[in-house]
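**Student:** Next come the chains, spelled out residue by residue.
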Amino acid sequence: MSETVKLYKSNQPLLMQGNEACGWGALAAGCRFFAGYPITPSTEIAELLARNLPRVGGYFIQMEDEIASIAAIIGASVAGSKSMTATSGPGYSLMQENLGYAYMAEVPIVVVNVQRGGPSTGLPTKVSQADTMQAKWGTHGDYYPIVLAPSSVKECFDMTIKAFNMAEQYRVPVTVLTDEVLGHMREIVILPEPSAVKVLNRPRPVDPPEWYKHFEITPDYLSPMASFGEGYRFHLTGLTHDESGFPTAKPNEIKAKLDKLKLKITRHREQITEIRSDMMEDAHIMVFAYGSTARAARQAIRMARKKRFKVGMVQPYTIWPFPDDKIAPLLENVDTVVVPELNQGQIIGEIERLSRRHVKVVPLQRYDGELITPSQIVDVIKEEHA
Amino acid sequence: MEQQSNITHKYLRPKKKFPNVWCPGCGIGIAMGAMIRAIDGLGLQKDDVAIVSGIGCTARIPVYLDFNTLHTTHGRPIAFATGVKLANPKLKVIVVSGDGDLLAIGGNHFIHAARRNMDITVILVNNYIYGMTGGQYSPTTPVTKLASTAPYGMIEQSFDPAALAKASGATFVARGTVYHATQLSRLMAQAIERPGFSLVEVISNCHTQYGRMNREGSAVKMILWQKEHAVPATVASKMTPEQLEGKFVIGVLHEAQKPGYVEEYQKIIDRFRAADEEKLGEVVVSG
Chain A
23 MSETVKLYKS
33 NQPLLMQGNE
43 ACGWGALAAG
53 CRFFAGYPIT
63 PSTEIAELLA
73 RNLPRVGGYF
83 IQMEDEIASI
93 AAIIGASVAG
103 SKSMTATSGP
113 GYSLMQENLG
123 YAYMAEVPIV
133 VVNVQRGGPS
143 TGLPTKVSQA
153 DTMQAKWGTH
163 GDYYPIVLAP
173 SSVKECFDMT
183 IKAFNMAEQY
193 RVPVTVLTDE
203 VLGHMREIVI
213 LPEPSAVKVL
223 NRPRPVDPPE
233 WYKHFEITPD
243 YLSPMASFGE
253 GYRFHLTGLT
263 HDESGFPTAK
273 PNEIKAKLDK
283 LKLKITRHRE
293 QITEIRSDMM
303 EDAHIMVFAY
313 GSTARAARQA
323 IRMARKKRFK
333 VGMVQPYTIW
343 PFPDDKIAPL
353 LENVDTVVVP
363 ELNQGQIIGE
373 IERLSRRHVK
383 VVPLQRYDGE
393 LITPSQIVDV
403 IKEEHA
Chain B
38 MEQQSNITHK
48 YLRPKKKFPN
58 VWCPGCGIGI
68 AMGAMIRAID
78 GLGLQKDDVA
88 IVSGIGCTAR
98 IPVYLDFNTL
108 HTTHGRPIAF
118 ATGVKLANPK
128 LKVIVVSGDG
138 DLLAIGGNHF
148 IHAARRNMDI
158 TVILVNNYIY
168 GMTGGQYSPT
178 TPVTKLASTA
188 PYGMIEQSFD
198 PAALAKASGA
208 TFVARGTVYH
218 ATQLSRLMAQ
228 AIERPGFSLV
238 EVISNCHTQY
248 GRMNREGSAV
258 KMILWQKEHA
268 VPATVASKMT
278 PEQLEGKFVI
288 GVLHEAQKPG
298 YVEEYQKIID
308 RFRAADEEKL
318 GEVVVSG
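As given, the protein sequences belong to chains A and B, one line each in that order.
Be aware that the first sequence starts at 23, since it is given in my numbering, and climbs by one per residue.
Be aware that the second sequence starts at 38, since it is given in my numbering, and climbs by one per residue.
Wrong hints could be hidden among the right ones.
[To be verified] DSBU-like cross-link-like pairs, simulated, lysine-lysine; straight-line CA separation at most 35 Å: (1) Lys284/B <-> Lys28/A; (2) Lys129/B <-> Lys235/A; (3) Lys52/B <-> Lys182/B; (4) Lys304/B <-> Lys220/A; (5) Lys158/A <-> Lys348/A; (6) Lys129/B <-> Lys220/A; (7) Lys282/A <-> Lys129/B; (8) Lys127/B <-> Lys279/A; (9) Lys203/B <-> Lys282/A; (10) Lys284/B <-> Lys203/B; (11) Lys203/B <-> Lys235/A.
[As the list claims (entries may be wrong)] Label-pair ranges, simulated between beta-carbon atoms: (12) Ser217/A <-> Ala293/B: 39 to 47 Å; (13) Phe55/B <-> Ser217/A: 48 to 56 Å; (14) Leu261/B <-> Gly253/A: 39 to 47 Å.
Keep in mind the hints are simulated off the structure, nothing from the lab.
Only a predicted model underlies this, so the values are computations on that prediction, with no experimental measurement involved.
We put the beta carbon where it would ideally sit given N, CA and C, even for glycine.
Build out the structure end to end from the sequences listed, making use of the hints.
**Tutor:** Written out as structure tokens, the structure is:
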């Protein structure tokens with residue numbers, strides 16, 4: 023029945039916000055549970071899902087805080103619903119402990135963080151990219167997050183779907199890291215029919231319940247996942263556990279668990295990571311930019327090419343895991359990398375690590391609540407070209 | 038006794054983590070047994086029950102039980118349980134945790150789940166102390182009592198969990214003790230059977246921490262204290278406040294008829310099912 027519901031007008035131009043695109047993307051990906059707490063600049067996502075989830079037989083609930091919101095979506099995912107929450111910096115901070123639970127218990131969930139300025143209450147209505155490192159290191163312990171960074175309204179739609187697909191495939195929380203500008207900006211988009219969207223679901227167990235291990239260590243480190251109520255009656259805990267899910271203090275089982283959390287991501291880095299490169303064939307200067315900053319960077323390289331500067335651009339759509347293997351070869355052929363970011367220098371550390379000091383890495387950082395402009399980037403290119 | 042053990046054994050995971058983590062004489066095992074017999078008495082299938090807990094001694098209950106079990110983060114089991122229930126409303130969702138977990142760090146979730154009349158049962162084992170971490174005071178530690186973090190006596194006023202639940206909107210509130218195990222099981226069954234938010238507060242003993250620091254004696258002595266100080270609700274209604282001084286009331290303390298959250302949300306879903314979907318789609322997109 024839910025398949026017959028017309029979610030949005032497909033295959034025709036629609037004017038919409040990035041936040042709305044995240045909401046429609048979630049529904050197209052099969053999201054049937056959303057729990058959230060109002061916070062600027064993410065709230066439109068919750069509002070759209072409050073209106074539309076009951077239409078497809080799904081549940082929306084506004085919880086008492088962000089801690090409860092992420093707890094509820096983990097619970098819903100364990101019981102079989104594709105689940106999401108959306109928030110911004112302060113809420114993302116509150117979610118960190120339970121995000122760690124989802125890494126440990128290998129529960130697929132999607133979290134959209136529409137970034138605003140920080141730290142603390144910061145700049146509720148202004149843009150930043152200052153949660154880039156929090157998205158990697160926010161909760162305690164060793165774990166391997168997947169974080170996606172769209173740069174347009176259409177990409178907000180596509181990457182929310184991709185986030186659900188990867189969450190299900192790798193049984194891991196996936197963060198979609200957008201920002202205030204992307205969230206509130208309106209663009210014309212043409213969305214596909216939901217039935218034409220590629221949707222992946224969690225691998226299901228084929229073994230009978232007596233044989234089932236909820237955290238079975240398989241050759242590719244990905245385990246099938248049963249839901250509550252299906253006869254498998256497994257145990258989930260945030261305590262370090264064995265393959266069956268029961269707490270363990272045995273060194274070999276502890277190590278096997280932590281290795282699994284790592285290897286299920288690092289062994290699939292090639293499939294998980296995605297970058298886009300423009301005009302890099304003959305470039306001496308690379309502009310490395312993600313999220314809304316990538317929009318200014320794309321305009322900047324066009325302007326710089328008109329001035330005959332040999333400059334190209336690389337944009338990571340996956341920022342964690344960092345696409346080392348895709349970016350390192352591109353660094354070989356350039357002398358300089360310009361890294362514009364809306365923070366005091368976060369992703370630049372990854373470029374410095376990969377360049378191993380053979381390439382000059384030039385920061386361009388803005389953290390006054392405003393966007394970096396194309397001409398600011400062109401100015402830096404000019405300086406480096408001279 | 039033998040018959041009761043047989044029932045209990047049917048629902049345990051024998052090859053998993055026994056022996057258990059609890060101190061000999063702990064009341065949590067009695068509360069767990071009462072819960073199992075309540076579920077068995079209701080004829081629920083193991084697959085249709087989810088047990089959700091937070092952190093602490095009581096929160097270790099799920100690992101031993103052959104249901105769908107979820108041992109969550111400190112204070113958050115009610116929020117996790119809310120998601121479980123809404124993703125699969127057919128499941129009977131039971132939260133079992135302690136006074137520290139549910140009323141201190143998890144207090145906000147407790148009152149809000151009660152307010153929205155979420156269809157879950159909360160079994161709150163109240164032993165007046167943080168047992169697992171070594172005897173720190175909890176929101177239910179009585180005034181003047183000692184705890185490792187109240188070495189000069191508790192000066193904070195304590196929560197009455199049942200009154201808190203009632204004031205927050207719970208539609209079934211009961212209190213039992215681990216001494217009155219048969220009645221406890223009956224109260225739990227009543228709570229689990231009902232839609233909406235139900236609470237069963239279980240007065241239990243922590244002789245290892247609370248009893249030791251407050252010189253209340255052995256497990257047996259502490260459980261006998263429950264027998265001597267508990268007053269059935271039916272009797273209490275005929276007693277004066279002076280007569281009830283120093284006692285506590287057990288039995289069903291509050292009942293109200295209100296639709297549960299799931300039933301109310303289902304009405305919204307049904308409204309859409311009945312309407313012309315095409316039309317609604319267009320309204321929503323342009324709106």
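**Student:** Below or equal to 35 Å on CA atoms is what counts here, so check Lys304/B against Lys220/A.
**Tutor:** holds (31 Å)
**Student:** If I claimed the Cβ atoms of Phe55/B and Ser217/A lie 48 to 56 Å apart, would that claim hold in this structure?
**Tutor:** holds (50 Å)
**Student:** Is the Cα-Cα distance between Lys284/B and Lys28/A 35 Å or less?
**Tutor:** Distance ~61 Å between Lys284/B and Lys28/A Cα, so the pair is violated.
**Student:** Between Lys203/B and Lys282/A, does the CA-CA distance stay at or below 35 Å?
**Tutor:** violated (46 Å)
**Student:** Tell me if the beta carbons of Leu261/B and Gly253/A are separated by a distance inside 39 to 47 Å.
**Tutor:** Holds, at about 43 Å.
**Student:** Check whether the Cα positions of Lys203/B and Lys235/A lie no farther apart than 35 Å.
**Tutor:** violated (41 Å)
**Student:** Are the Cα positions of Lys282/A and Lys129/B separated by 35 Å at most?
**Tutor:** holds (32 Å)
**Student:** What's the verdict on Lys52/B and Lys182/B, does the C-alpha distance respect the 35 Å limit or exceed it?
**Tutor:** violated (40 Å)
**Student:** Given the hint that Lys284/B pairs with Lys203/B, does the C-alpha gap stay at or below 35 Å?
**Tutor:** Since the Cα atoms of Lys284/B and Lys203/B sit roughly 20 Å apart, the hinted pair holds (cutoff 35 Å).
**Student:** Verify the proposed pairing of Lys127/B with Lys279/A, using a straight-line Cα cut of 35 Å.
**Tutor:** The given pair, whose Cα atoms are some 32 Å apart, holds under the 35 Å limit.
**Student:** Hint check: Lys129/B vs Lys220/A, CA-CA at most 35 Å. Holds or violated?
**Tutor:** Holds: Lys129/B and Lys220/A sit about 34 Å apart, inside 35 Å.
**Student:** Decide if the proposed pair is consistent with the structure: Lys158/A and Lys348/A, CA atoms, cutoff 35 Å inclusive.
**Tutor:** holds (19 Å)
Figure legend: structure checked against the earlier numbered hints; hints not met, in rising order: 1, 3, 9, 11.
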